[in-house]
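Colleague: Here are the chains, one letter per residue:
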Amino acid sequence: MSSTDKLRGLKRLLLRQRSDPGSSDLAARRLRAMYLPLESRGKERNESLAEFLAQVTLFEGLGRGDRLRLARVLHERDFADGEYICKEHAPGAALFILRRGIVEIVSGEGAGEVPLALLEPPASFEEAGALGVGVRRWFSVRARGPVSLLALGRSDLDALIGSFPELANKVLVRMAGMLAVRLQMRIDAEALGSAGASEEVEP
Amino acid sequence: MTREGGAEPLSAVLTGVVAAAALAVVGCLLWGLRSLILPASIGGLLAYVCRPIVDRLERYGIQRGLAVGVLLLVLGAVALASLSSIRAVMPSQIEALELRVRVLYSLNHRYQALMGLDPSWTRGNRLYQLLNRDLDPLLDRVSEVLALTGEERAQLAASRDRGAGGGPAPLDRLLAYERVNAQTLEVRARRAGAAVQATGGSPEPGFLRRMAPSAVGVLLSTWMIAPLIFLFLLWDTGNIKRGLLRAVPNRLFEPALAVLADVDQALGDYLRGIARECCALGATVFVLLLLVGVPPQWALAIGTFTGLSNLIPYMGFVAALVSGLAYSLLAKDVNSLIPFVTDENFPIWVVAAVVVAELLKNAVYEPVVLGSAVKLHPLAVVVGALGGATLFGPAGMFLAIPVITVVKVLVASTARHLSVYGLV
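Residue numbers (this note's numbering), protein chains in the order written: chain V, 1 to 203; chain D, 1001 to 1424.
For the record, the hints were derived by calculation from the structure and aren't laboratory data. Idealized CB from N, CA, C, for every residue including glycine. Be careful, since some hints might not be right.
[What the hints assert, rightly or not] In silico lysine-lysine, DSS-like type, Cα no more than 25 Å apart, as pairs:
#: 1; chain 1: D; residue 1: 1241; chain 2: D; residue 2: 1408
#: 2; chain 1: D; residue 1: 1241; chain 2: V; residue 2: 43
#: 3; chain 1: D; residue 1: 1241; chain 2: V; residue 2: 87
#: 4; chain 1: D; residue 1: 1375; chain 2: D; residue 2: 1408
#: 5; chain 1: V; residue 1: 170; chain 2: V; residue 2: 87
[Stated by the list, open to error] Selected chain V positions facing chain D (Cβ under 10 Å, derived; list incomplete):
#: 6; residue: 79
#: 7; residue: 83
#: 8; residue: 91
#: 9; residue: 92
#: 10; residue: 94
#: 11; residue: 154
#: 12; residue: 159
[To be verified] Reference listing, derived: stretches of chain D covered by chain V, where coverage requires no fewer than 3 residues with Cβ under 8 Å from a Cβ of chain V:
#: 13; stretch: 1051-1064
#: 14; stretch: 1249-1259
#: 15; stretch: 1401-1413
This is chain D alone, in the form it adopts within the complex (with noise of 0.2 Å):
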């Protein structure tokens, strides 16, 4: 009896370790294999997506390599449509230069006709003076990316000469904003007491120019795990989950399949929720901007943008509001249905637009549409995006939602199923 009752506490703080041990494994695990997170889970997300797809098709009489096969066509079909419009509408190399241009102009000018700045760029009105320490390094990183080097100056000169027919150089209005936003550069560069003519007046090039070609190939092999991962699920008729019963004991085989089911509810529900709503955010941002003045193409371009980027919490807004002002920042002639809109304050309409389709994403979409899929608090969506984005970046930021849900359900599930079974 005296050997038995010991025997119980050590038996318990074994398990005790070989579970902390485990965990500590898993931790480890997941922190090494942190870059291939976001791919392996959105191949399995897709495929979880899909699936529903593949079981149509096999009901239809169509074997399951063939459908999945089917699928995989299709979905190579539209991804090579979405990439030729996208194509499309991607202006040239030298339009993107000149796009450069035209932005960095405009974006200077309103920012300096906004904060009341003199020629210096050293004095402004009172807004600048609350908001010049926050506006100021911010605007200065845009500037760097979209500011030309030297060779790309050269390049854009030498279209406009070809563009005129081989004649001498034109003093046409573009070359003249160029000119400008040099001198703009230089004027806040020898404000901040930057040295700009230390790099000859160009400013470092952006993250894409810097980022080398073996960060590319890193960057490829990783993403090759996502079509895998894709593929495999996809094909599996359920092997994976009877894999994972069998390793259960027979005692917990019940509350583990109950278990099981309820993580698949709340996914399912999570991932229907979550699709509904960023079709309703999209379709109201392309409904607002249409009405405000931006073109179908570009309204329709935003929207799509903006319900993608609600995958990630509170960034659907921030695309929007990015986006909708970028363009309204470039826009010129505008032809709004509303008669008040015109091309001074048609940034403060788009701003509007995106607010109001903000506001209706979390007083009618959330509630009604996402509805009672995630349950979770605001303050824990907020913990866990951040928390997600600084353990794990992007990937954190993505996946922290989802993960939250399953978490949340299977502890839940977990305790509930454990207690009805007898079992604690």
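In isolation and in its complexed conformation, chain V is listed as follows (with noise of 0.2 Å):
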């Protein structure tokens, strides 16, 4: 196996988010994830996303209350399979959390493209984006089959802590501790690319 393979296996085994390792009905809360029914709208749609906002990492430890709050702000989003949800190099507007599919993160585009990772619910991505950090995407986010997101937009989130300012601060202490994970795998994962590449280059 090349360092390259080596590498990819590495970024996708990295970059996998696990909403609660630790936990052993890890598999029974996907699956509710999943099949939970998607209200148009109402007070049925907010109860129903408050109850899968419970299940994300990001939202972990929010009371009901503050989740039925989040859950109004919060716009679904269905793609088809193949639908890009975010393209490498644009700058971000939203987060996402994945309610139901599957999509895959890639880098690059054609025959260049790197697969990095498959993301399950009740994953989330882009947290950069609701930040309005203004950094360009360096991967890009497909659908693999039908998706059903949610998404955070940055003006949302800006709302949230204006109105609510202390349950703002909690998503947005989570949503820091999360970039500076990714921040970190990122680090590490390019490390490990160039001493791979270095390790090639020698006799």
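Join the two chains into one complex using the hints; note that each chain is given alone, in its own frame.
Modeller: The structure is reproduced here in structure tokens:
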């Protein structure tokens, strides 16, 4: 196995999001999340979303009231198989939470495309987009099969900061933690990549 | 390949035609429903302003419905208190008649003195020769509104009788003023060649008196939409935004979110900025009028009126000038903090105070308080306000600047984000 393959495998391993590695009922929670009814609007919609949000790592520890408030500002999006959810090099404007289906994270385009990870519900991605840091993405996200997502826009988070600062603070802390972990993984992956490349050059 | 190549321009043409038709329909709808624009916009803007208050109440554990109810109660109480305080200072019917007689007398007297007019109102000084073509019609129209009808004159005379304990009619100063007013009107009407006698010496009834009851009904039913929109928007917890974004294709979702955020920011900045500027201008007018000798309650009323009028471009200055001058024409025994203000030069001081307030607004408040919230060229403001007034009347004038601000941000932000996301 070449060092490039090793690196790809490691990246997949590192970027695969686990909602709660220590929990024994992870599979049951994922299953429940995948088959929750998708009400279009109203109180039932918010109740259903709040129940789903309880399973998302990013919103762990939030009370039911907070999750209901959060549900009010989330947007539901449905994507067809192969449709891009977000594309490389564009700035992010929203955080996405996978509710149903599977998405793949890839880097590059066409023949040079490198698959990086597969995400399953209730994973989240693109936290930097909701924070509005203005960084352009280094990866694309594509639906593999029909996918349902929840999106939290930057303006929605801003509104939350203004209206419910305590709730927004909890979410922001979790997002910062998530971003820190991702950054560390990227640095580790880059370091491993450099080490692998120097090994290959050596006779 | 050939078919695909031909289909693309056809599709573009079709898209263009559909877009043009949609624009035309929207334009027709706007024109047809223009009487609803002002109440709907005011309801919407009020909801936009009050939304953070409801959110704050909700944060303290009050349910949203209850929070909206509490806000409505508070607003209702404030409106009732304002109405009762306005009614307290509003003159009664007879007092209003007396006020109109005094104002008209004072206006005619001061105009005659300023223009050096002879008793026949035909010859005056150089100032009169320079301005009479513009000022005479204006004075005529103001006189039309203020002059008493025959019936009102009888009411006034009867009230003076009752005031004198039912005795013979006293020749008090007010009735003398009214006689002078009637004579002046007659002289000026004769001069203008108009046959005032044809209406028995009574001028045309004013705007409010001409307004038919049915028109008032239509006005009320039109304004019913304002509280409905206010309540509906205040109650909404994001359904409207979500509904709008649901109609957007997936590839445009993120740009649409970013554009909406920019528009929200621009509208919020504008409303906060204009509210601060109105408060600053109203407070300045209040303080300056107080300094030149306007009593506190009148200075406060004129300051509040000026601040509210400032929501319409350039109307703050006009409102302050008109209301300040109206007061100064009526004022007697002026007690000013400035020693050289007298009854005679009081109107000049009031005008000076209004001009200073306007200069402060232009030099300090607009750049500092309003700041970068509205980056519009002054010409765009003037053309927008006049264009809005021409098309939609007062509603257009009131909404011109926020609409221009939003459209400007919408276009710029859409173009920027479509480019950033590689969609154009």
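Colleague: Now tell me, hint by hint, if it's right for this structure.
Modeller: Here's how the hints hold up against the structure:
1. D:1241 with D:1408: Satisfied, since the Cα-Cα distance of roughly 20 Å is no more than 25 Å.
2. D:1241 with V:43: Status holds; Cα separation ~16 Å.
3. D:1241 with V:87: 24 Å, holds
4. D:1375 with D:1408: 10 Å, holds
5. V:170 with V:87: 28 Å, violated
6. 79: 6 Å, holds
7. 83: With Cβ-Cβ at 6 Å, under 10 Å, it holds.
8. 91: 6 Å, holds
9. 92: Status holds, d = 7 Å.
10. 94: 6 Å, holds
11. 154: At about 6 Å, which falls below the 10 Å cut-off, the nearest Cβ of chain D leaves the hint on residue 154 (chain V) intact, so it holds.
12. 159: 8 Å, holds
13. 1051-1064: holds (count 5)
14. 1249-1259: Three-residue rule met by the stretch 1249-1259 of chain D, so holds; n is 7.
15. 1401-1413: With 0 residues closer than 8 Å to chain V, the stretch 1401-1413 of chain D misses the three-residue bar; violated.
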